[in-house]
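*Asks:* Here are the chains, one letter per residue:
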Amino acid sequence: MTSTSSIEAQVLQPYKYGFVTDIESELAPAGLNEDIIRLISEKKGEPTWMLDWRLKAYQQWTGMTEPKWANVKYGPIDYQAIHYYAAPKQQKKLGSLDEVDPKLLETFEKLGIPISEQKRLSGVAVDAVFDSVSVATTFKETLAAAGVIFLPISEAIREHPDLVRRWLGSVVPHNDNFFAALNSAVFTDGSFAYIPKGVLCPLELSTYFRINAQATGQFERTLIVADEGSYVSYLEGCSAPSRDENQLHAAVVELVALDDATIKYSTIQNWYPGDEHGKGGIYNFVTKRGKCAGKSSKISWTQVETGSAITWKYPGCILQGDDSVGEFYSVAVTSRRQQADTGTKMIHIGKNTKSTIVSKGISADRGQNTYRGLVKIMKGAEGARNYSQCDSMLIGDKCGAHTFPYIDVRNSSAIMEHEASTSKIGEDQIFYLRQRGLKAEDAVSMVVAGFCKDVFRELPMEFAVEAQNLLSISLEGSVG
Amino acid sequence: MLQITNLHATADGREILKGLDLSVSAGEVHAIMGPNGSGKSTLAQILAGHPVYIVTEGLVTFEGRDLLDMEPEERAQAGLFLAFQYPVSIRGITNAYFLRAGVNAIRKSQGLPELDPLDFLDVLQEKLKVIGWDDSFLNRPVNDGFSGGEKKRNEILQMAVLEPRLAVLDETDSGLDIDALKTVAAAVNKLRAPERATIVVTHYQRLLNYIIPDVVHVLVDGRIARSGSKELALELEARGYDWIKPEADVA
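Sequence order for the protein chains is A and B.
Reading the first sequence from the start, the letters are residues 1 to 480 in the working numbering.
Reading the second sequence from the start, the letters are residues 1 to 251 in the working numbering.
One chain only, chain B, in its complex shape (with noise of 0.2 angstroms):
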């Protein structure tokens, strides 16, 4: 599903990844963890094509295209989501008609008719219970006012209503309590199938006790350090990073 090969990529003139490779099959959990700095946000962010981070090297192909030449909303389209680590609001529009646009957006694009307002409140009762919301939320501004906990809910909620093939998840477990935690892995399980795939990106093993990954990998100065199965978040949680590093000037 997603193939990325010898990824190099730059902000502000600064290299953050230096030579990444990864590999996703539709149907896996790949859980990607390391210290602060490594450049898992980046990661994320390039996916999604976000302006500031320019790819200087490398290739990622999504569903057998090239995802470094599609513009951000037509990654979106091909199914590709972000949950982003800090949430931006928006004044003004409630929560409902964004996600409303959105789901549009992408069927429209699909050649599929657009929801009315009607139908998609259908959608969205059966949404709103998998993260233990009522409707008031759908009234607020999107973000504006939100609990930073509230923030990451609404982002499990979008992902939810958009049901993308490839979900990345941009540390959305931290500042989140147990319960919160619970609530955003259920959502998780719950899209997880066949064809849809889900790339996390965490500091804490704690998620995974919920988010059960096929894949963990260790992202250490802008490459993949080690890859391993569910214990290796263990064994990280147990002996922290520092031990992986020189294994990683090996490779």
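Looking at chain A on its own, in the form it has when it is part of the complex (with noise of 0.2 angstroms):
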């Protein structure tokens, strides 16, 4: 007879994404130092200021400490052990997809994320990186004949050096934490997008990032800057192989909205999450961060996080500009041995800001799920609101839900609501779904599913589908 115990049985499911790719790669030299540095930044054919900006950040970074008050455990990380650069071989310049890898083109289709001329995503231009370079991005003409920028980092520094130069650091400074300073000094690509004045970007963007090499890093940086009155929609997805031992993933992500602009930005975080016993898994350790600097304008984040053995990340928004309007939407799954430290922080500057956070965590088996939310309303934000709802469902009794919700409010006009459950998926939900015939698994795809309504709804078509399918397999394993 099925009960709990089978449930969390079908919460064990094997990580789909878990192949390596045979393929050479070319490797730096383990560990971390000024030479490693300017090796990237020379490999990458940078401009000084760019090398200068690295040489700043690292200089800083070796004064920093790693945070410690995140509600995750986990052992110290060797940052000399780790290969900050690493590529596929045979990277030249690439004229066009035909000279891509086969090898790579197939990795990137086995991920459900075709790039090759007449497999792409209708509708989605997108950028593949793998490991330390952007390999591909699709669909750049139809974007360039709109006037938008879609290009790895590594390129636009190259090509266009002072958009880049003016926004880079403007949300996350180099110096900003820990690990957004470790990146600041290593990253390796990314992606660039600028969106010029009032063009409504006619192609989703996406970006997939994608680990293969052993002992390395991910470190990639993106920078969207939409100019005024201007729309786009970014979409991110990721995937690792299983390895035993724990790889770093440390990226930032900055986002400028400028007068009137809206940036969606859309996060399908699907790293390897380590196995059963909490061996291997990426440690995500990422800053992300928005900046509403216009009036009206708008930045809404929406993330599913699926894998990572441990992640830490709180996209947030500043909203310096009046009646902007910034948004934080987030299902954070914990399965196995897996923790998470996640939410948001919503910064009031502005007059007549509004903010919304809706956050779903599902913990199960032995996952540990937090909730950190901040939300900050400054002393000249009058009129500012917010609405916060944090749910948190939990499968099984090994597994934990934790919620850390921080307000500071400097202005008495401010209006603020909370609201806040922890359910258990019941045993007689299940049974009920069960009795007019729906399967177990089917009948826990249909409970969570329907939990974390609110937020797919704020995905994309194209992100809709996947992210219902992720949680299944995560949590069901009956995709076959």
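Read the hints as simulated data drawn from the structure, not as lab findings.
Hints may be right or wrong, so weigh each one.
Claimed, not checked - Calculated from the model, a selection of chain B residues having no Cβ within reach of chain A, i.e. all distances over 12 angstroms: (1) Leu22; (2) Ser23; (3) Gly79; (4) Tyr86; (5) Phe137; (6) Ile178; (7) Pro194; (8) Ser227.
Unchecked claim - With a cut-off of at most 16 angstroms between alpha-carbon atoms, the simulated EDC-like pairs for lysine to aspartate or glutamate come out as follows: (9) A/Lys453 x B/Asp144; (10) A/Lys295 x A/Glu276; (11) B/Lys108 x A/Asp442; (12) B/Lys230 x B/Glu28.
Ideal Cβ positions, reconstructed from N, Cα and C, are used throughout, including at glycine.
Grab the two chains, each in its own frame, and use the hints to assemble them into the complex.
*Replies:* Below you can see the structure in the form of structure tokens.
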């Protein structure tokens, strides 16, 4: 007879994306020092200002200590054992996709991200990043016709230095925090997007990050600038092979929205979570922040976090422009021995700024899920409003859910609403659905999907389906 | 259709059913009555396969199959339906989606093609009329924010949609006003057919004015203490259950 224990058993499905691509890679020696940073900068053909910025970040980083306040436990990270640069060999300047190593195309195809000409996703422009380099960006011409710049950031630094230099570090400074400083010193690739004034980006922009090489870290940097009155929807996906050692991923994402611009940023994070005994998995220490710099601008974060051994991530919004809007919609799933400490920061500076936070945490097996959020209303933020809703769902009795909402209000006209709930996935709910003919795994899937609905409906179409499937894989394993 | 022989069952180590025998044939409506704690709801839950209850002895066959060996969803797919005494709510899932998922799960198990949302809507419209509801109930989350009476009607809607071979109604009448009671009864009567059967678990004779049973059983202390025609229900209404107990001991 099925009971809670078998619901838990369904949670422990194997990670589907754990394969390794057998491809020769060019690896920088392990360890971090100024020479490595010079090497990265040289490999990327960067101008001096970029190298100087990296070195400045590195110097600051050496004086910083790893933050320990998060509700996660992990062994010490040996930053000198990591390779900071790994690239698949025969990386010359590629004229077209035909010249991309077929093994790489195959890898992305296997991940459901076809990038070859005939199979590409319609309506989505993809930048595919493999270890430290971008291997392909699709639909470049279509985007160029609209005036949209969408490039690997390494190319953007060379081709649009003024734009990059103006905005890089403007939201997340090079010394923002330990992991952001590390990223600033060693970031290898990532995406850059610039949407010119008044342009509604004709395609969804998307970057897919894949870690492949062993004992490497991935340090990508993404910068998106939406000029006045523009709109862009950006999707980010990621995965990694199953390996016994932990791998570090320390990314930085910066978003800038000028007057009346809107950026919608969606993430499906599916890094390798480690095995059921907690061996291996990605350490995901990510700094994501958007600045609503202009009036009536809007930044919306939607994230579905199912992977990683450790997640440390707080996509936030600085609501500087009057009437600007920040949103955060999150589903975080932890099972096996996964630990997630995630949430958001909403900093209200402008008048009549609004923020919405909807967080759904699902913990199964021995997973630990923490929501940590800060809503700060500054003195000048007359008429600011915030609505926060944090719901946790527990599957089984060995997992945990924790909520730490911080509120700092310095203007008495602010209106704050906060709702929180914790529920246990009920044996009675599952039995009810099974009595109507649904298989146990479909029943769990339905209850979880219902729980996450408020977040899923914020995802772009292409992603909503993927997210639903991913959740099925993480929790039910019924999808074959 | 349903044959229960010498059924013993426990919950949390406590014996609730103590040698229950019951036989239901196709085309029949059986009413099961009895005092609180006699095991009526336990019987209903065991037939549906609730994991909390453990069968320690006995045999249950449903259309020739060993029911106790079947998973809850297999029982549902074989045509067994339980109208729950306390239906649970499911946030974020609309009633329409839920109903279609159930119908399609059962159709799939029978090798029938699944119904798409539009085809299914036609089916639903018809069934909604039976319980006197409009479309607005279809887009509300399953039982979420429903009143007690609405939840019970929703169970009957599900029954009407799923068209089970054997429907077990677990105190569906409790908490219903007279109009709702009539609606429920009409829906049950509509399903009456030579190839179907219904077991009505109830405290009150009132429901049996509208759903006329072929047989009335009295469950006392985990066993059927007495069976009779619909007049037995009237007698129970008038005299209570106490007079049954001695006979049970004799039996």
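*Asks:* All hints are to be evaluated individually against the structure, with a verdict given for each.
*Replies:* Do the hints match the structure? See the list:
{"no.": "1", "hint": "Leu22", "result": "20 angstroms, holds"}
{"no.": "2", "hint": "Ser23", "result": "23 angstroms, holds"}
{"no.": "3", "hint": "Gly79", "result": "10 angstroms, violated"}
{"no.": "4", "hint": "Tyr86", "result": "8 angstroms, violated"}
{"no.": "5", "hint": "Phe137", "result": "16 angstroms, holds"}
{"no.": "6", "hint": "Ile178", "result": "28 angstroms, holds"}
{"no.": "7", "hint": "Pro194", "result": "24 angstroms, holds"}
{"no.": "8", "hint": "Ser227", "result": "27 angstroms, holds"}
{"no.": "9", "hint": "A/Lys453 x B/Asp144", "result": "14 angstroms, holds"}
{"no.": "10", "hint": "A/Lys295 x A/Glu276", "result": "48 angstroms, violated"}
{"no.": "11", "hint": "B/Lys108 x A/Asp442", "result": "13 angstroms, holds"}
{"no.": "12", "hint": "B/Lys230 x B/Glu28", "result": "13 angstroms, holds"}
The structure fails to meet hints 3, 4 and 10 from the earlier list, while all remaining hints are met.
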